[in-house]
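Chemist: Okay, here's what each chain looks like letter by letter:
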Amino acid sequence: MSTRTRHPQVFRLDTEGDKPAPPREKPKSRKLRRVSAPKIEWHDETAEAENLPARVPVRPAPLTRSRRHWGTVLIAAMAGFLSLAFGQWAYGLVESFFARSAWLGWTATGLLAAAGIAALAIVLREMLALARLRTLERLQADATHATATDDADAAARVMAGLKSLYAGRADTAWDLSRLVEHEADIIDPAGRIRLAERDLVAPLDEEGQRIIARTARRVTLLTAVSPNAALDVVFVAMQNLKMLRQLAALYGGRPGTIGTVRLARMVIAHLAVAGGLALSDTVVQHLIGKGLAGRLSARFGEGTVNGILTARIGRAALDLTRPLPFASTSPPALTDLMREVMRLGGGEAQAE
Amino acid sequence: MTGLIDETRMALGSLGDAASGLVHPTIRLGVTGLSRAGKTVFITALVHNLLHGGRLPLFSPMATGRIARAYLEPQPDDRLPRFPYEEHLAALTAGDDRHWPESTRRLSQLRLTVEYEPSGFFARRTHGGRLHIDIVDYPGEWLLDLPLMSLTYEAWSAATLVASRAAPRDRLAGSWHAHLKSLDPAAPAEEASAAEAARLFTAYLASCRSDDAALSSLPPGRFLMPGDLEDSPLLTFAPLDLEGRTPGRRGSLQALMRRRYDAYVTHVVRPFFFDHFSRLDRQIVLVDVLTALNAGPAALTDLSAAIYGVLDCFRVGAKSWASHLFGRRIDAIVFAASKADLLHHASHDRLEAILEALLSSAAERAEFSGARIDAVAMAAIRATREAIITEGGEDLACIAGVPEKGEKIGKEIFDGNSEAAIFPGDLPADPAPALAGELEGDLKFVRFRPPPFAPGPWGARVFPHIRLDRALEFLIGDAFR
Chain F
1 MSTRTRHPQV FRLDTEGDKP APPREKPKSR KLRRVSAPKI EWHDETAEAE NLPARVPVRP
61 APLTRSRRHW GTVLIAAMAG FLSLAFGQWA YGLVESFFAR SAWLGWTATG LLAAAGIAAL
121 AIVLREMLAL ARLRTLERLQ ADATHATATD DADAAARVMA GLKSLYAGRA DTAWDLSRLV
181 EHEADIIDPA GRIRLAERDL VAPLDEEGQR IIARTARRVT LLTAVSPNAA LDVVFVAMQN
241 LKMLRQLAAL YGGRPGTIGT VRLARMVIAH LAVAGGLALS DTVVQHLIGK GLAGRLSARF
301 GEGTVNGILT ARIGRAALDL TRPLPFASTS PPALTDLMRE VMRLGGGEAQ AE
Chain D
1 MTGLIDETRM ALGSLGDAAS GLVHPTIRLG VTGLSRAGKT VFITALVHNL LHGGRLPLFS
61 PMATGRIARA YLEPQPDDRL PRFPYEEHLA ALTAGDDRHW PESTRRLSQL RLTVEYEPSG
121 FFARRTHGGR LHIDIVDYPG EWLLDLPLMS LTYEAWSAAT LVASRAAPRD RLAGSWHAHL
181 KSLDPAAPAE EASAAEAARL FTAYLASCRS DDAALSSLPP GRFLMPGDLE DSPLLTFAPL
241 DLEGRTPGRR GSLQALMRRR YDAYVTHVVR PFFFDHFSRL DRQIVLVDVL TALNAGPAAL
301 TDLSAAIYGV LDCFRVGAKS WASHLFGRRI DAIVFAASKA DLLHHASHDR LEAILEALLS
361 SAAERAEFSG ARIDAVAMAA IRATREAIIT EGGEDLACIA GVPEKGEKIG KEIFDGNSEA
421 AIFPGDLPAD PAPALAGELE GDLKFVRFRP PPFAPGPWGA RVFPHIRLDR ALEFLIGDAF
481 R
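Keeping their order, the protein sequence lines are chains F and D.
If you're matching positions, the first sequence starts at 1 in the numbering used here and goes up one per residue.
If you're matching positions, the second sequence starts at 1 in the numbering used here and goes up one per residue.
Worth flagging that the hints you see were computed from the coordinates, not collected in a lab.
Positions of the beta carbon are idealized from the N, C-alpha and C atoms, including for glycine.
All the pointers check out, no bait thrown in.
Listed next, the in silico SDA-like pairs over lysine to any residue satisfying Cα-Cα at most 25 Å (straight line):
| # | chain 1 | residue 1 | chain 2 | residue 2 |
| --- | --- | --- | --- | --- |
| 1 | D | K411 | F | R12 |
| 2 | F | K242 | F | A264 |
| 3 | F | K242 | F | G301 |
| 4 | D | K405 | F | H7 |
| 5 | D | K411 | F | R6 |
| 6 | D | K405 | F | L13 |
Partial list, derived from the structure: chain D residues whose beta carbon lies under 8 Å from chain F:
| # | residue |
| --- | --- |
| 7 | H345 |
| 8 | L396 |
| 9 | A400 |
| 10 | I409 |
| 11 | E419 |
| 12 | A420 |
| 13 | A421 |
| 14 | I422 |
| 15 | F423 |
| 16 | D426 |
| 17 | D442 |
| 18 | L443 |
| 19 | I466 |
| 20 | R467 |
| 21 | R470 |
Between beta-carbon pairs, the in silico distance windows are:
| # | chain 1 | residue 1 | chain 2 | residue 2 | range |
| --- | --- | --- | --- | --- | --- |
| 22 | D | A318 | F | E183 | 32 to 42 Å |
| 23 | F | S330 | D | A203 | 52 to 62 Å |
| 24 | D | R9 | F | A202 | 38 to 48 Å |
| 25 | D | H267 | F | E206 | 54 to 64 Å |
| 26 | F | L231 | D | R372 | 48 to 58 Å |
| 27 | F | R299 | D | R372 | 47 to 57 Å |
| 28 | D | A166 | F | S330 | 53 to 63 Å |
| 29 | D | P74 | F | E183 | 34 to 44 Å |
| 30 | F | W174 | D | G128 | 23 to 33 Å |
| 31 | D | T152 | F | A202 | 55 to 65 Å |
| 32 | F | A269 | D | T64 | 31 to 41 Å |
| 33 | F | E206 | D | R372 | 26 to 36 Å |
Isolated chain F, as found in the complex (with noise of 0.2 Å):
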């Protein structure tokens, strides 16, 4: 605030297109005091998203020091070396072609430029899917500053995030067209994220329990009969990897293959932290119908044990890729989503 006191003023509007032109009785005599006509610029809050300023967002310390060390020292030296010794290689090969006859120089000099052009599509790709992983996160940052401090500038970048992730997409554009009405209302900060949620994300949150349980009756399906308990291992891996960019894609955060790995890696760092709690409310009931299920078929009980795994790593993959954190909806409670698992029966083969 300006330590100079701003004192009440008053400026004459001329009749506005809005509004049908009062009968004026008198001629506007009065004129504005001021020298210069003022600059007026009506209210309009999509406007004022645009002009954002550019402002670094808070977010929490980074958990572990970056390691810019001589581990990194090596990998790069040991990238630059190798990659000179393919570039000689490949020279001295596409060289050789060329002494050989003309053709078959140009189709190698072809062949590899094409494999060049394809590898930097690779990583470009790649570091898009992260750059997307990453605003998702950006965004889950924002908004619990917004929510938890009203702050108003917070609240517009993730008003301004979501619309740029959710824009050209089919199964978004009615709920966030109806997002946008209320744009220039006026809302506080944390009621905008409220609505958000409950206009935009709410209606992902179920397609998103729906591929938990589907990959997690799937998992408890085929453990149960498979004849090879490697083949498990494998089998189970693949379907979580699949889960985990399902969700990912689902909330807009496509992932990559690195992606995909990033964002299981955060999983398990998730499940780590959050698990201990998440396991003691449902834990008993879980073990329990484990024994039971056990007691009827040991490869039926260590089926349900994966299912119920793979449903935990597909909650913590939610909340990982969720742009918006849990506060106005209540998050899916494991024990919804094991009843899903549990319909065995049916729900598998309308699913497949």
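Chain F is already provided as a structure; the job is to place chain D on it using the hints.
Modeler: Chain D alone, transformed into the frame defined by chain F:
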């Protein structure tokens, strides 16, 4: 003894309510506010928004489409007039003649029924998703009578005199004080002098209420807004200077005044309270902070004291199974700084801070008793638009609308027809200086005419508002189970 009887009365009442609530769930919404705080406009806007499916994005039952239909029930209580919703709506939507509803002069009641999609197993099988919302509208002045229930005539008399001898009231009370000096409480009662005292006392109260002073704590309320008690002997009493006197003998002026005061409390105040306020479920306290800020620190302190006194009368606390048996309690209160549309939304946080500082003692007490509370800057009907005016390299956050005829800022006087953008001044980030009156002259909030009633999206005509949805969600959002 009376306390015990009252408790029993309230318990019996709420036991009946609990029984009927199983079949017809009812929410009694207490719209509390002193006069000109915007009660009538709030009720009209609330009803209109529910009836016509208004834009209430944060009111989840409506925004998620669970409300199927809302309608006004025929007046359930045959002794009370119905809230003249249609009349008020007509006043607000009268095109070029649009104006805010006249100030309320009598008690009226309204029952709004909302049909919704119930989510609970029990609700689905009993009442099938129908909720009654009962609202009472009344002149805000009458609310000030509630603290009188616990005051004797002598105590009230002394308190009123002390207040009237302090600034800024002393200069308004001159003629009444002069007459008071000529009265001897021990003298034989005379109707004429009692009536004269009451007349001068009423005039003093009325001048305290005028815009310049804008004081709030002015009981007894019926003196300013007599309703159907005009010229009744119930209203011909006034405080007397009783310093150091023993209770007067029979037939004295003091005895007459005391008898009338007691009759006023018994026949006017207590029925008003027990019929309408003793069994509320939810409460919204509308506070016109901006008008009080206009008038200065005395008005603010007075407002704070008046509201504290009034809220003291309500039964507040968390709901439990026992509360159904031993009297209903108010378990959620919204403190709303009304008319927030007279201010740019960037300043609403500061307005909320001032409101919280103003009502801190009342809010703390409510919170301590277990009720949920929320403070919100609200405008049930938003009369202005917002604009940033850049002038001399400085951005002024202005509001624009059509100011009421006769409103003025500095030398500018508005004619009630032309639109103007107004910069009302900066609210301070810290509420303390505002309460201490250091902002005298730096702020000026003018009244605006109601907004033109324009059709909204899909042709539905609803009033614009500020945070009405947030207040509603807090008050009744959880009732749509």
